[in-house]
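Given only the sequences and the hints, what does the whole structure look like? Please build it.
One line per chain: the protein sequences are A and B, in this order.
Numbering-wise, this note's numbering puts 150 at position 150 of the first sequence, and it's gapless, one number per residue.
Position in the second sequence (first residue = 1) + 294 = this note's numbering.
Each hint should be verified, as a subset may be incorrect.
Coverage of chain B stretches by chain A, computed from C-beta distances (three or more under 8 Å per stretch; other residues unrestricted) [as the list claims (entries may be wrong)]: (1) 311-317; (2) 330-342; (3) 437-447; (4) 515-523; (5) 551-562.
In case anyone wonders, no lab produced these hints; they're calculated from the structure.
The beta-carbon is built from N, C-alpha and C at its ideal position, and this holds for glycine as well.
As a plain string of letters, each chain reads:
There are 2 protein chains.
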Amino acid sequence: MSLIAGIDVGGTKCLGVVLDAQREVTSEHDVLHQVRNPTPRADKLVDALEVLAGQLGDVQSLGVGVPGLITLDGVMRASPNIPGSVDVAVGPELSKRLGRQVNVDNDGNLAALAEWRYGAARGAKNMWMVTLGTGIGGGHVVNGVVQRGVNGFAGEIGHIVVNPDGPRCTCGRKGCWEVYASGRGLRMLAAGEAGESVIARARNGDADAVTVLEAWARWVAIGLSNLTNVSDPDVIVIGGGVSEAADIVMPIVQRWFVETLYSPEQRKHPDLRVAQLGEHAGAIGAALFGAMHA
Amino acid sequence: MSLIAGIDVGGTKCLGVVLDAQREVTSEHDVLHQVRNPTPRADKLVDALEVLAGQLGDVQSLGVGVPGLITLDGVMRASPNIPGSVDVAVGPELSKRLGRQVNVDNDGNLAALAEWRYGAARGAKNMWMVTLGTGIGGGHVVNGVVQRGVNGFAGEIGHIVVNPDGPRCTCGRKGCWEVYASGRGLRMLAAGEAGESVIARARNGDADAVTVLEAWARWVAIGLSNLTNVSDPDVIVIGGGVSEAADIVMPIVQRWFVETLYSPEQRKHPDLRVAQLGEHAGAIGAALFGAMHA
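In structure tokens:
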């Protein structure tokens, strides 16, 4: 059995997994071993990853996913959710300490890789993974290859501007897609009410809550249509907290997607699907990425 | 000498060129032979292309660029600028008539290929060509490969929505990028005055004209930043009518681009460049495309 390991660094926790490289991973149950530790400040991050790597035992390869802007050689340029993260050389430093090549990429890219290989987008030729969480993350896989761009910063789709005179984004600019279509966006459109609460009310047929959800779904769909105009994918996978309410959310998003799609009658529409690998997608993708480049 | 031919179908004329496959084409002067015929209605298009192919003489390969949505096997699904163009099998039909494989792609994709191979984006790893004409066309070349998407409809960047409650686009939706950032958009922002006239006044220091040009350049920059967020390119080439006023337009677009870029201080900025191959880009790209797949 050849063991491969992956670590997903989140805003609050680091999740490490060990997989059998020869075995398909279709759910958490196929993960051989997992470890969860709290995420420290950026200046302690490499220490924490070194410890976590040790807890994962003897493996053939290790990959790491980190949120934010990650260069092709694994340097974290900036990560809004990890305090103090400016130019932390996660990949180079961890490789040196562990005496092996450790590949590091953006967490959205790695979740996309996992969903393409083992999840909702198996067999897709050209897929986007869109994670609707607090913000919006993304990853683009074409013919099995994660599209990283020249700096490693491709897939920063939460910051596509969809209304340049809209509300201020955390990035400092105005009207980014994630201002409207993220979990935070849903809360804004609901005048401060939590997304879960709006969804629960909409489920019970509350007309105001349905109106808010429709408005939010339209913004989600506009972004998905924009990605379709750029890349013409066959599959778009929706992940993140919102995907847990997929039964009510996806039909509304789907309806708005057809409404907002360019030239809908001339094309096969991209298939919108719900993510399958849940919160493990990033760590599974990190393991796959580590194994690919080991 | 191995001769390759390309034809670019425009809204009003079809331009055919013959190139030496072994010789670089850095300007019109390197085109061995060229023919221009009027573009007919869609139902006569294949006839016209057959005649034009004959006028180009004996060549090793032929490629054709057509505006609009073109499938991977060369069927024109729809082209706003060519009346009657619904499901015209340009590639298959022309291949049959000429007894040879004729590859057909979207004109924006082929202009991008030409600018990457011989023009402003030589050596780029990841380039976007953005043509600011009446509307906005585009093409994306990654590691020398045109990104066509699963239907062949990638690069429809003029229809990225940048303001969903904005003015109506020719496509029927609202607030597409080309509503604002195309030649037509400049005219709209200038309350109906022609783009050339606005630019001429701005050149003479007219404050109102400068204000209009600034507003337009901001919209251009927002779209370029959106492409950067998706793909993280090293080069973006600006073509189309507007590129003829590059001396005044590009510095303003460049300033707004830095202003609108996500995380500008964390990254190497994409290089904005003016297209070099002018109106021949599409036909040169068609010739390259034909030769690649012959």
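Here is what the structure says about each hint:
For the stretch 311-317 of chain B, the stated coverage by chain A is not satisfied: 0 residues place a CB nearer than 8 Å to a CB of that chain, which falls below the threshold of 3. Here's how the stretch 330-342 of chain B fares: 0 of its residues keep a CB closer than 8 Å to some CB of chain A, so the rule of at least three is not met and the hint is violated. Counting residues of the stretch 437-447 of chain B whose C-beta sits closer than 8 Å to any C-beta of chain A gives 7, which meets the bar of three, so the coverage hint holds. With a threshold of 8 Å between beta carbons, the proposed coverage of the stretch 515-523 of chain B by chain A holds, since 5 of its residues qualify and at least three are required.
Only when three residues or more bring their CB closer than 8 Å to a CB of chain A does the claim for the stretch 551-562 of chain B stand; here the count is 6, and the claim holds.
Hint compliance for this structure: hints 1, 2 are broken, all remaining hints hold.
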